Amino acid sequence: MTSYKIQDIEKSFDGKIVKNLGNNDYVIKINDDEHKLKIITMSSNGIEFILNQQYHKVKYLERSTNEMNLVIDNVPMTINLHTHFDEIVYKNSGGGGSGSAQIALKSQIPGKVVSISVEDGDSVQKGDVVCTLESMKMQVAIKAHKDGVVRNIKAKESTSVAKGDVIADIE
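Heads up, the sequence shown is in my numbering, so the first residue is 136 and it goes up one at a time.
Read the hints as simulated data drawn from the structure, not as lab findings. Quick caveat, the model's predicted, so the values are computed rather than measured. The beta carbon of each residue, even a glycine, is placed where N, CA and C say it ideally should be. Be aware that one or more of the hints could be misleading.
Claimed, not checked - Pair by pair, the computed Cβ-Cβ distance ranges are:
#, residue 1, residue 2, range
1, Ser295, Ile185, 18 to 28 Å
2, Lys261, Lys289, 12 to 22 Å
3, Ser295, Lys261, 20 to 30 Å
4, Met273, Lys154, 17 to 27 Å
5, Ile163, Ser295, 19 to 29 Å
Stated by the list, open to error - With a Cα cut of at most 25 Å, we get these calculated DSS-like pairs of lysine-lysine:
#, residue 1, residue 2
6, Lys247, Lys151
7, Lys247, Lys173
8, Lys247, Lys281
9, Lys154, Lys173
10, Lys194, Lys164
11, Lys241, Lys291
12, Lys241, Lys272
13, Lys272, Lys192
14, Lys272, Lys173
15, Lys192, Lys151
16, Lys281, Lys291
17, Lys171, Lys151
18, Lys194, Lys173
19, Lys281, Lys241
20, Lys298, Lys154
21, Lys289, Lys247
22, Lys154, Lys247
23, Lys151, Lys298
24, Lys151, Lys241
25, Lys192, Lys171
26, Lys298, Lys192
27, Lys247, Lys192
28, Lys272, Lys194
29, Lys164, Lys151
30, Lys241, Lys289
31, Lys154, Lys192
32, Lys298, Lys173
33, Lys272, Lys289
34, Lys272, Lys154
35, Lys247, Lys272
36, Lys289, Lys261
Make the full structure from the sequences, and use the hints.
See the structure below:
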């Protein structure tokens, strides 16, 4: 779950994907309300989507570590990202859980591989950075979900990975 706070508005909200209906259709939950979301286009420059049968266009202007400048439906806006993105990705890629029998380290987000920090045969400890992805103009570290030896690195620099793609095996 990610929290966002819009500057100058004393309100923050939590959002998460409840269900992926396929074909870029999702059920999302914002605070306690469920909404239907259809993503039309998504790129590093912005996103076009239909939320509850209303069309919206968001253009990304610039991003710092904890702020993002956007234009949402022609209205300029700055949002503060109160996010634990790294922790969420780590937990969902197999880390922090009891599933240490899992060999494959999987990406929990779609993104472009910016860098790979390990080589085949390297020993890693749980929490070590295996690779870095860029997703929605944010760099996210994909960390080892357990101690072991890196085998079969599938990710390649400057290629894209989808959610659920195997980054590497850790045996």
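For this session: Would you mind confirming whether the straight-line C-alpha gap from lysine 194 to lysine 164 stays at or under 25 Å?
Result: Roughly 22 Å separates the two Cα atoms, so the pair holds.
Exercise. Would the pair lysine 298 and lysine 154 pass a check requiring their Cα atoms to be no farther apart than 25 Å?
Worked result: holds, 14 Å
Exercise. Given the hint that lysine 247 pairs with lysine 192, does the C-alpha gap stay at or below 25 Å?
Worked result: Given pair lysine 247, lysine 192 holds - Cα atoms ~22 Å apart, limit 25 Å.
For this session: With a cut-off of 25 Å on the C-alpha distance, tell me whether lysine 241 and lysine 291 pass.
Result: holds, 14 Å
For this session: For the pair supplied as a hint, lysine 164 and lysine 151, confirm whether the alpha-carbon distance does not exceed 25 Å.
Result: It holds: about 5 Å lies between the C-alpha atoms, which stays within 25 Å.
Exercise. Are the Cα positions of lysine 272 and lysine 289 separated by 25 Å at most?
Worked result: Distance of about 23 Å is within 25 Å: holds.
Exercise. Straight-line Cα separation of lysine 281 and lysine 241 no greater than 25 Å?
Worked result: Given pair lysine 281, lysine 241 holds - Cα atoms ~12 Å apart, limit 25 Å.
For this session: Mind checking the alpha carbons of lysine 171 and lysine 151 for me, to see if they're no more than 25 Å apart?
Result: holds, 12 Å
Exercise. Cβ-Cβ distance between isoleucine 163 and serine 295: within 19 to 29 Å?
Worked result: holds, 23 Å
Exercise. Taking 25 Å as the top limit, are the C-alpha atoms of lysine 154 and lysine 247 close enough?
Worked result: holds, 24 Å
Exercise. Within 25 Å, alpha carbon to alpha carbon, are lysine 241 and lysine 272?
Worked result: holds, 20 Å
For this session: Measure nothing beyond the straight line between the CA atoms of lysine 194 and lysine 173; if it is 25 Å or shorter, mark the hint as holding.
Result: holds, 17 Å
Every hint, counting from the list given before, is met by this structure.
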